[in-house]
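**Student:** Listed below, chain by chain, are the residues.
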Amino acid sequence: MSIFEFFQALFQYEFLQKALFTSVVVGIICGIVGCFIILRGMALMGDAISHAVLPGVAISYMLGINFFFGAVITGVLTAIGIGYVSQNSRIKHDMAIGIMFTSMFAVGIVIITMMKSSADLYHILFGNVLAVRMSDMWITLGIGVLVIGLVVLFYKELLVSTFDPTMAQSYGLPNKWIHYCLMAVLTMVTVASLQTVGIVLVVAMLITPAATAYLLTNRLSVMIYLSALIGVISSVFGLYFSFTYNLASGATIVLVSAFLFALAFFFSPSQGIVWKAHKSRKNRLELLEK
Amino acid sequence: MNNNIESIAIRVDDLSFHYGDKNVLQHVTMEIKKGSFLGLVGPNGSGKSTLIKCILGLQKPQEGNVYLFGEKVNKFNDWDKVGYVSQKANSFNTAFPATAFEVVSMGLFGKVGLFRFLKASDKNKVWEALRSVNMDQYAHQNIGELSGGQQQRIFIARALVSDPELLILDEPTVGVDTESSDSFYKMLKELHRENNMTLVLVTHDVGVMTNYVTDVACLNKQIHFHGNTKEFEESSSENMSAFYGHHVHVLHHDHGHE
Amino acid sequence: MLPFLKYEFLQNAFLTGIMVGLLAPVLGVFIVVRRQALIADALSHITLAGIAANLLLGKWSSFFAAANPIYMGMAFSVGGAIFIEQLRKVYKHYEELAIPIIMSAGIGLSVIFISMADGFNTDLFNYLFGSIIAVKRSDVWTVFAILVVVLLFVFFMYKELFVLSFDEEQGKLSGIRSNWILVAFMAITALVIAASMKIVGILLVSALMTLPVAASIRIAKGFKQAIWLSVLFGEISVISGMFLSYYLDLASGGTIVLCLVVILCLSIFYKKFTGSRKVGHL
Numbered sequence: 006m007s008i009f010e011f012f013q014a015l016f017q018y019e020f021l022q023k024a025l026f027t028s029v030v031v032g033i034i035c036g037i038v039g040c041f042i043i044l045r046g047m048a049l050m051g052d053a054i055s056h057a058v059l060p061g062v063a064i065s066y067m068l069g070i071n072f073f074f075g076a077v078i079t080g081v082l083t084a085i086g087i088g089y090v091s092q093n094s095r096i097k098h099d100m101a102i103g104i105m106f107t108s109m110f111a112v113g114i115v116i117i118t119m120m121k122s123s124a125d126l127y128h129i130l131f132g133n134v135l136a137v138r139m140s141d142m143w144i145t146l147g148i149g150v151l152v153i154g155l156v157v158l159f160y161k162e163l164l165v166s167t168f169d170p171t172m173a174q175s176y177g178l179p180n181k182w183i184h185y186c187l188m189a190v191l192t193m194v195t196v197a198s199l200q201t202v203g204i205v206l207v208v209a210m211l212i213t214p215a216a217t218a219y220l221l222t223n224r225l226s227v228m229i230y231l232s233a234l235i236g237v238i239s240s241v242f243g244l245y246f247s248f249t250y251n252l253a254s255g256a257t258i259v260l261v262s263a264f265l266f267a268l269a270f271f272f273s274p275s276q277g278i279v280w281k282a283h284k285s286r287k288n289r290l291e292l293l294e295k
Numbered sequence: 545m546n547n548n549i550e551s552i553a554i555r556v557d558d559l560s561f562h563y564g565d566k567n568v569l570q571h572v573t574m575e576i577k578k579g580s581f582l583g584l585v586g587p588n589g590s591g592k593s594t595l596i597k598c599i600l601g602l603q604k605p606q607e608g609n610v611y612l613f614g615e616k617v618n619k620f621n622d623w624d625k626v627g628y629v630s631q632k633a634n635s636f637n638t639a640f641p642a643t644a645f646e647v648v649s650m651g652l653f654g655k656v657g658l659f660r661f662l663k664a665s666d667k668n669k670v671w672e673a674l675r676s677v678n679m680d681q682y683a684h685q686n687i688g689e690l691s692g693g694q695q696q697r698i699f700i701a702r703a704l705v706s707d708p709e710l711l712i713l714d715e716p717t718v719g720v721d722t723e724s725s726d727s728f729y730k731m732l733k734e735l736h737r738e739n740n741m742t743l744v745l746v747t748h749d750v751g752v753m754t755n756y757v758t759d760v761a762c763l764n765k766q767i768h769f770h771g772n773t774k775e776f777e778e779s780s781s782e783n784m785s786a787f788y789g790h791h792v793h794v795l796h797h798d799h800g801h802e
Numbered sequence: 037m038l039p040f041l042k043y044e045f046l047q048n049a050f051l052t053g054i055m056v057g058l059l060a061p062v063l064g065v066f067i068v069v070r071r072q073a074l075i076a077d078a079l080s081h082i083t084l085a086g087i088a089a090n091l092l093l094g095k096w097s098s099f100f101a102a103a104n105p106i107y108m109g110m111a112f113s114v115g116g117a118i119f120i121e122q123l124r125k126v127y128k129h130y131e132e133l134a135i136p137i138i139m140s141a142g143i144g145l146s147v148i149f150i151s152m153a154d155g156f157n158t159d160l161f162n163y164l165f166g167s168i169i170a171v172k173r174s175d176v177w178t179v180f181a182i183l184v185v186v187l188l189f190v191f192f193m194y195k196e197l198f199v200l201s202f203d204e205e206q207g208k209l210s211g212i213r214s215n216w217i218l219v220a221f222m223a224i225t226a227l228v229i230a231a232s233m234k235i236v237g238i239l240l241v242s243a244l245m246t247l248p249v250a251a252s253i254r255i256a257k258g259f260k261q262a263i264w265l266s267v268l269f270g271e272i273s274v275i276s277g278m279f280l281s282y283y284l285d286l287a288s289g290g291t292i293v294l295c296l297v298v299i300l301c302l303s304i305f306y307k308k309f310t311g312s313r314k315v316g317h318l
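Chains as they are written, first to last, in our numbering: chain B, 6 to 295; chain X, 545 to 802; chain Z, 37 to 318.
Calculated from the structure, these hints are not laboratory results.
The model shown is predicted, which means the values in this text are computed figures rather than measured ones.
Cβ atoms here follow ideal geometry from the backbone N, Cα and C, with glycine treated the same way.
Every clue listed holds true.
Simulated DEER-style distance windows between Cβ atoms:
#1 Z/191 / X/684: 20 to 30 Å
#2 B/171 / X/578: 39 to 49 Å
#3 Z/285 / B/223: 48 to 58 Å
#4 Z/103 / B/119: 29 to 39 Å
#5 Z/213 / X/734: 31 to 41 Å
#6 X/731 / B/168: 39 to 49 Å
#7 B/154 / Z/213: 48 to 58 Å
#8 B/16 / Z/152: 20 to 30 Å
#9 Z/214 / X/731: 27 to 37 Å
#10 X/663 / Z/185: 26 to 36 Å
#11 Z/185 / X/578: 42 to 52 Å
Given the sequences, and given the hints that come with them, work out the whole structure.
**Tutor:** Shown next, in the form of C-alpha cells:
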C-alpha cells in the first residue's frame with residue numbers, strides 16, 4: 006500500500022482518523038514528559054510505573070469501570086511505595102524500583118489469568134490503536150491538554166529542580182512535591198498511551214524520542230520540541246506500517262522511534278559516534294603533523 | 545639524584561593526558577625512589593587520580609610513558625608487587641554482602657591464578673594482613689557494617705596481603721573522621737618504616753600529610769614541585785598560594801559528608 | 037509419590053523448576069551486586085525476539101518448525117549479551133539510555149514477528165508469563181545441560197567473578213583477564229534467562245534473578261552465605277509457586293514472583309525486628 010492509499014483510507018475510515026489523532030497526541034505528550042524523565046535519571050522509574058498500572062487496569066476491567074481510574078490509583082501508589090521503601094530502608098533506589106514493579110506486574114498477571122481472557126491482555130500489553138473508542142480518544146486528549154498545560158505553567162520550576170535539585174531546595178521549591186506530581190503525570194501519560202503502544206512499550210515511547218533529542222541538542226526548550234516532533238513522526242509512520250502490514254501498532258511505533266534513535270546515535274553532528282571517530286582521527290593526524 | 549635504575553620504583557616520562565579537548569595532564573615527568581613515602585598533593589581536578597591511573601595502566605595516556613620497576617607499564621606483569629587502594633567513595637557499594645575476610649582475600653586472587661582455590665597458607669596470610677591493620681576482630685563482619693575508617697583499613701589489608709613493594713593510596717581519608725584518619729596516617733608511617741615499602745599517598749590536603757611523608761610532589765596538570773619534606777616546608781607559602789589559587793589549608797579538616 | 041507428580045508434564049515442570057530455582061539466583065547474586073538488573077531484563081526481551089523469529093521461520097521452513105524455539109531464543113540472547121557488554125564498554129555514558137531502547141526494540145521486533153506468524157495464542161502467552169504445562173522433556177534436558185555448564189563456570193571462576201563484581205579496577209590490577217570473563221558471564225546469563233523462560237516467563241525472569249538476592253543480602257553474612265540463601269529462597273518460591281499455579285490454575289510466573297515478594301517482605305521485617313544495627317560509625 007502506498008502512502009497515497011494510506012491517505013485515502015484515512016479520509017474514508019473514521020477508526021483510522023481516531024487512531025491517527027490519538028497516536029499523535031500520545032507522541033507529543035510522551036515526548037515532552039520523556040525529556041524530564043531522562044534528564045532526571047528516572048528512565049527506570051518510567052519502566053516501573055508503566056508496568057505497575059497493570060493490576061489497576063485488570064481490576065477496573067473486572068469491575069467494569071473505565072481503566073483510567075484503576076490505573077492512576079495503582080500507578081501513584083507504586084510511586085509512593087518506591088519512595089517509601091528507598092527512603093526507609095537500606096535498599097537502594099534502583100532495587101526498590103525493581104522490586105515494586107515486578108511485584109505489581111506479577112499481581113496484574115495473576116488477576117488477568119484469573120479472568121481467562123488473553124485477547125484483551127494482548128491489547129493492553131502491546132497496544133491496538135486501530136480499536137480506539139471515542140471515549141478513549143477524549144481521555145487521551147484531556148490528558149494531553151492537562152500535561153502540556155502543567156509543563157507550560159511550571160516550566161521554570163521543572164527546569165530548576167531538574168538541573169540542580171539542591172539549588173531548587175534553596176529557592177524554597179518543594180522538590181518532593183514536584184517529584185510526586187511528575188509521577189502522577191507519568192501515570193496519566195502511561196494510561197493515555199495504553200491503547201496506542203501498550204504497557205510493555207510505553208517506556209520506549211517515553212525514553213526513545215527524548216533520548217534521540219538529547220543527542221541532538223543541549224538546550225532543554227529545543228529538546229522538548231524536538232522530542233515531541235520525533236514522537237509524532239514515530240507515531241505517524243508506526244501507524245502507517247501497522248495499518249498497511251496488519252502488525253501490532255505499539256511494536257511498529259517503537260521500532261520507528263528506535264530507528265530514529267540509531268540514526269541520531271551514529272550521525273548526530275555533536276554526539277554521533279561516527280563524527281566523533283572522524284574528529285578524533287583528525288585530531289590525531291594534526292598532532293602527528295606537528 | 546641517584547639515576548641508578550635499580551633504585552627507581554616509578555618513572556613517569558613526559559606524560560600527557562586529555563579527555564577530548566580538556567587537558568588533564570601536561571608533560572608530567574617524575575621519578576619516585578624505592579623506599580620513599582611520597583605525598584602527591586594538588587587541588588581538586590588537578591589530575592592526581594588520572595596520573596595514578598596512568599601509573600597503574602588503568603588509563604592510557606595519549607603521550608609519554610610510565611615505567612614500574614624499570615619495566616614499561618603495558619609490559620609489566622608483576623602486579624602483586626603493587627598494592628592499590630582507590631578512592632573509597634566511588635569504588636564500592638555498601639550493600640555488597642561480603643565479609644572483611646572475603647574482601648581481604650581478594651588481594652590474593654591474582655597470585656593464586658585461574659581455576660585454583662585458596663590454600664590454608666593463603667588464609668594465614670589474610671589473617672596476618674588483618675592483624676597488621678588491627679582489624680582481625682572484625683574479620684566476619686560484613687564490610688558495609690564497618691565504619692568508614694575501618695573499611696579503609698580493610699582495603700589497606702587487601703593491598704598488603706600480597707606483600708607488595710609499592711603501595712599507592714588515592715585519597716584514602718575522604719569521608720573518614722579526623723580521629724581515625726590520624727591513626728590511619730600513623731599506621732601508614734609504621735608500615736613504611738617496618739617493611740621498607742615504597743608508598744605513594746594522594747591527597748588534596750597539604751597540612752597533615754607533611755608530618756608523615758618523606759617526599760612531596762605538587763601537581764596541577766604539571767608537576768610544580770618535587771622534593772623532600774624539608775625543602776617543601778622551606779619553599780615559601782606564596783608559591784603555594786599561587787599554585788592553589790587561594791590560601792593553603794594548613795590545618796586538617798574533615799572532608800566527610802556523612 | 038505426590039499425586040502432583042503423576043503426569044509427565046508436571047514432572048518436567050517440576051524438574052525444570054528446581055534447576056531454574058538454583059540457576060537464576062546463583063547468577064542473580066553477581067548481577068545484583070554489579071547493579072545490572074536492567075541488563076537481565078533487556079536480555080529476556082531479546083530472547084523473546086529469538087523465539088518469535090523461530091515461530092515465524094517455522095511457517096516457511098520445516099527445519100525451524102521442528103526445532104525447539106528455545107535454541108533460537110538462546111542464540112538471540114547470547115548475541116544480545118555480547119553486544120550489550122561491548123556497548124557498555126565503549127559508550128559508558130549512554131548505557132542507561134541505550135539499554136532500555138535495545139530492550140524495547142527487542143520486544144517490538146518480537147511482537148511483529150509473532151503477529152506475522154499469526155502466533156497470538158496461548159503459546160505466546162506461555163512464553164510471556166510462564167506455564168507449568170508447556171514444559172517438554174527436551175526442555176528438561178536442555179536446562180540440565182545449561183545447569184552443568186553454569187555450575188562449572190561459577191565454581192571455577194568464583195574468585196574472578198567475586199573480585200570483578202566487587203571492584204572491576206582491582207580485578208584488572210590483580211591481573212585478571214576481565215574482558216573475556218565478563219563476556220562469558222553475560223553469555224551464561226543469557227543462557228540461564230532462556231532456560232528460565234518456560235517456567236517464569238520472559239516478563240518476570242529478571243525478578244527470579246533479583247528478588248531472592250535482594251532478600252538474602254539483607255540477612256547474609258558474607259558473599260558465600262548470600263549465594264546459599266538466595267538459592268534457598270529461589271527454590272522455596274519456585275516450588276511453592278508451581279504448586280499454587282497448578283492448584284489455582286494461574287500463570288506460574290506470577291505466582292512464583294508473588295512468593296518471592298512474600299519472602300522479601302519477611303526478610304525486611306526480620307531485619308527490622310532483630311535489628312542488628314551498624315557496628316561502626318562513619
